[in-house]
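Enquirer: First to last, the sequence lines map onto chains A and B. Here this note's numbering is used: the first residue of the first sequence is 1, the next is one more, and so on. Here this note's numbering is used: the first residue of the second sequence is 1, the next is one more, and so on.
Note that these hints are calculated values from the structure, not bench results. Please note that a few of the clues may not be correct.
[Claimed, not checked] Coverage of chain A stretches by chain B, computed from C-beta distances (three or more under 8 angstroms per stretch; other residues unrestricted):
no., segment
1, 10-19
2, 94-100
3, 201-211
4, 227-234
[Unchecked claim] Going by beta-carbon spacing under 10 angstroms, a handful of chain B positions derived as facing chain A:
no., residue
5, Val18
6, Gln19
7, Met47
8, Pro48
9, Glu67
10, Glu101
11, Tyr104
12, Val107
13, Gly109
14, Gly111
15, Cys168
16, Phe177
17, Arg181
18, Thr204
19, Asp212
[Said to hold, decoys possible] Within a straight-line C-alpha distance of at most 16 angstroms, the following computed EDC-like cross-link-like pairs (lysine to aspartate or glutamate) qualify:
no., chain 1, residue 1, chain 2, residue 2
20, A, Lys272, B, Asp161
21, A, Lys230, A, Asp340
22, A, Lys230, B, Glu220
23, A, Lys272, A, Asp251
24, A, Lys305, A, Glu324
25, A, Lys8, A, Glu65
26, A, Lys117, A, Asp44
27, A, Lys117, A, Asp175
28, B, Lys129, B, Glu67
29, A, Lys272, B, Asp212
30, A, Lys230, B, Glu67
31, A, Lys30, A, Asp13
32, A, Lys199, A, Glu134
33, A, Lys30, A, Glu20
34, A, Lys226, B, Asp161
Idealized CB from N, CA, C, for every residue including glycine.
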Amino acid sequence: MFFRVIPKSVIPDLVRGLAEQYEVVGPVAKGETFVYAPLADAADLRLDYDTTALPAKRWFFPESEALMRFRVSDNAVVSESLDTAPRVLFGLHPCDVNSLLLMDNVFLGETPDPYYKARRDNTLVVGVSCTPGEYCFCDAWGTDETHWGFDIFLSDIGDDYYASIRSVMGADLVDRYVPCRAITDEDTAAFQRRTAEFKAAFTNGVDTSQLPVLLDAKFDSEIWDKLGEKCLGCGACSMVCPTCYCFDVHDELDADQLGGTRVRTWDSCQFKQFAAVAHGQNFRDTRAARVKYRYYHKQWGYLSKFERVLCVGCGRCTRACKAEINPPRVVRALQTGVVD
Amino acid sequence: MAPRLVVLSLASDFGCQVQLTNMTAELLDVLGLVELSYWQLATSGHMPPDYDVAIVEGAVTTTEHVELLGRVRETAAVVIAIGACANTGGIPGIVGREDLEGRYGAVYGPGPAVATGRRAPLPLDAFIKVDYHVPGCPIDTGEFLRVLSRVLLGLSDRVPDMTMCASCKTNETVCFFDEGRLCLGLVTRAGCGARCTSLGRACTGCRGIAPDANLASAREIAVRAGVPAAAMDDALRIYNALTEVHA
Ligand code: SF4
Ligand code: SF4
Ligand code: SF4
């Protein structure tokens with residue numbers, strides 16, 4: 001990794017430069033919220049955003065995507081759709097950069113998912129530092145920092161960004177499009193001060209001590225029944241979660257029934273139909289079982305396989321869940337034995 | 001041989017049949033797959049004695065409807081219920097289960113001669129086995145086409161049973177409850193893509209209450225947002241007056 005200091009004032013020039021070769025996607029305002037959307041104008045980029053409604057995963061793994069077109073008469077695949085458009089995701093916070101690494105473990109493992117991989121291979125990631133919001137708790141998992149998974153990471157040090165450059169491509173783009181200079185010791189000191197302020201600003205202290213032990217030891221605890229009484233089974237938590245990757249695949253025939261499209265959509269373990277199998281059996285029939293499963297998988301199942309929990313503390317589910325079920329509260333319930 | 005199709009209506013405003021005519025891009029393809037024997041809104045002539053697939057719109061509100069529906073079930077191999085009226089009782093269901101005569105009287109005057117053989121409205125499921133369901137007021141034509149595809153392929157009914165909020169979040173909307181406003185998406189069956197909330201209108205529950213809906217928790221959520229629980233129950237009467245709503 002090497003570093004540059006980039007004046008904040010030249011960010012629009014950088015975006016405009018990138019736009020010559022790439023579709024640039026970044027946080028923009030949408031009503032009372034922010035969303036990652038293609039930037040029509042560099043001035044629309046809102047690097048002061050708190051969080052986005054949906055995470056960046058949809059630019060690699062969209063909520064609904066056509067995987068292929070087929071013909072019914074002979075079951076032939078007529079065309080496959082791989083999205084290889086060159087794209088830059090500009091302005092991801094550390095939690096969202098980290099979430100992509102967790103997704104990669106799943107989609108780029110032994111059998112890479114070609115649709116995800118095509119987008120991932122053709123997308124550059126530019127991260128930006130942030131200020132902890134009301135629901136943020138990435139500090140609990142150490143996902144408040146990121147040292148890989150991006151091409152450029154911009155840390156706010158006042159009038160300038162302290163830019164960490166992680167890839168050749170990132171270096172090339174910075175040199176090509178914006179005036180920048182090498183870092184000095186003062187810049188690094190400013191970066192450290194700013195990091196300390198950032199770390200001190202978190203308010204959702206989550207005590208994660210011995211969490212895997214608690215999950216196993218309290219598998220039959222009544223806290224799950226209490227949470228199940230509140231849960232709506234709505235799946236909003238999974239949709240907004242940057243690390244939820246479950247999907248469903250189905251075929252949609254054209255109106256003439258001669259051809260069709262194979263479609264992949266987001267799914268959620270919180271839906272009752274999710275665990276319905278042949279013969280009408282459902283191995284997670286109750287909301288309590290489904291909420292427990294979500295937490296069990298995120299904080300223990302994935303951890304035991306990939307040595308990270310499957311949560312980056314972005315707080316999107318805290319905001320989305322009207323039943324007020326969220327990781328800080330569930331972890332508190334595991335620690336104390338009661339749902340507060 | 002192409003299945004012989006009939007489209008008929010009980011108590012409704014024909015809105016879902018109009019919706020079928022609105023499938024301008026697909027209608028000719030659909031008509032190429034079936035033999036259209038009767039379509040109450042769009043063909044002249046009478047219901048034939050024999051057919052294979054019956055698409056039924058509307059709620060059952062008279063004894064004549066009950067008899068007709070019985071005959072339809074005996075005749076058709078497949079019955080498809082389209083629209084809120086047919087699936088939950090919908091708008092005709094607002095009249096409720098009690099004091100039917102008083103309510104008719106309030107609208108039409110004492111002892112009205114309208115709707116002979118009238119009875120408390122009910123959805124089709126209350127009388128016959130319905131093979132496929134396309135809920136909504138009006139139906140979504142995309143969903144109708146997907147269901148028709150399943151009918152033609154002999155696949156089972158697969159009406160979504162989750163609630164609305166996941167689709168709503170996928171549309172990147174701010175929740176009505178965050179603004180202290182009521183939305184029935186918390187308990188309403190998904191499948192329309194949460195179209196209303198993405199257009200800035202709260203969900204009115206036209207697709208019916210989802211089978212696994214958590215009404216008790218939804219009421220608590222409403223109260224926390226400053227909406228009285230009774231307001232939620234009132235709003236549910238628009239399309240779900242006939243659905244048992246448990247505390
Ligand atoms: S579980 Fe919640 S806080 Fe954790 S990554 Fe998913 S949405 Fe963010
Ligand atoms: S935990 Fe919350 S957001 Fe998730 S399914 Fe339950 S009610 Fe919906
Ligand atoms: S309650 Fe309504 S507005 Fe809120 S998430 Fe659900 S469908 Fe959307």
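Enquirer: How does the segment 201-211 of chain A fare against chain B when you require at least three residues with a CB closer than 8 angstroms, holds or violated?
Expert: violated (count 0)
Enquirer: Against chain A, with CB atoms and a cut of 10 angstroms, does the hint on B:Cys168 hold up?
Expert: Hint on B:Cys168: holds, closest Cβ of chain A at ~7 angstroms, below 10 angstroms.
Enquirer: For the restraint on B:Gly111, tell me whether the closest CB of chain A is nearer than 10 angstroms.
Expert: violated (46 angstroms)
Enquirer: State whether the coverage of the segment 227-234 of chain A by chain B holds or is violated, taking the criterion as 3 or more residues with Cβ-Cβ distances under 8 angstroms.
Expert: holds (count 6)
Enquirer: Could you grab the alpha-carbon distance between A:Lys230 and B:Glu67 and see if it respects the 16 angstroms cut-off?
Expert: It is violated: about 44 angstroms lies between the C-alpha atoms, which goes past 16 angstroms.
Enquirer: Below or equal to 16 angstroms on CA atoms is what counts here, so check A:Lys272 against B:Asp161.
Expert: Measuring from Cα to Cα gives roughly 8 angstroms; hence the hint holds.
Enquirer: Using 10 angstroms as the Cβ threshold, decide whether B:Gln19 counts as touching chain A.
Expert: violated (15 angstroms)
Enquirer: Is the interface hint satisfied for B:Arg181? The criterion is a beta-carbon contact with chain A at less than 10 angstroms.
Expert: violated (12 angstroms)
Enquirer: Measure nothing beyond the straight line between the CA atoms of A:Lys8 and A:Glu65; if it is 16 angstroms or shorter, mark the hint as holding.
Expert: violated (36 angstroms)
Enquirer: Quick check on the hint: B:Glu101 CB to chain A CB, less than 10 angstroms?
Expert: violated (39 angstroms)
Enquirer: Are A:Lys305 and A:Glu324 close enough, with their CA atoms no more than 16 angstroms apart?
Expert: violated (29 angstroms)
Enquirer: Please verify whether A:Lys199 and A:Glu134 have alpha carbons no more than 16 angstroms apart.
Expert: holds (14 angstroms)
When each numbered hint is compared with the structure, violations occur for hints 1, 2, 3, 5, 6, 7, 8, 9, 10, 11, 12, 13, 14, 17, 18, 23, 24, 25, 26, 27, 30, 31, 33, 34.
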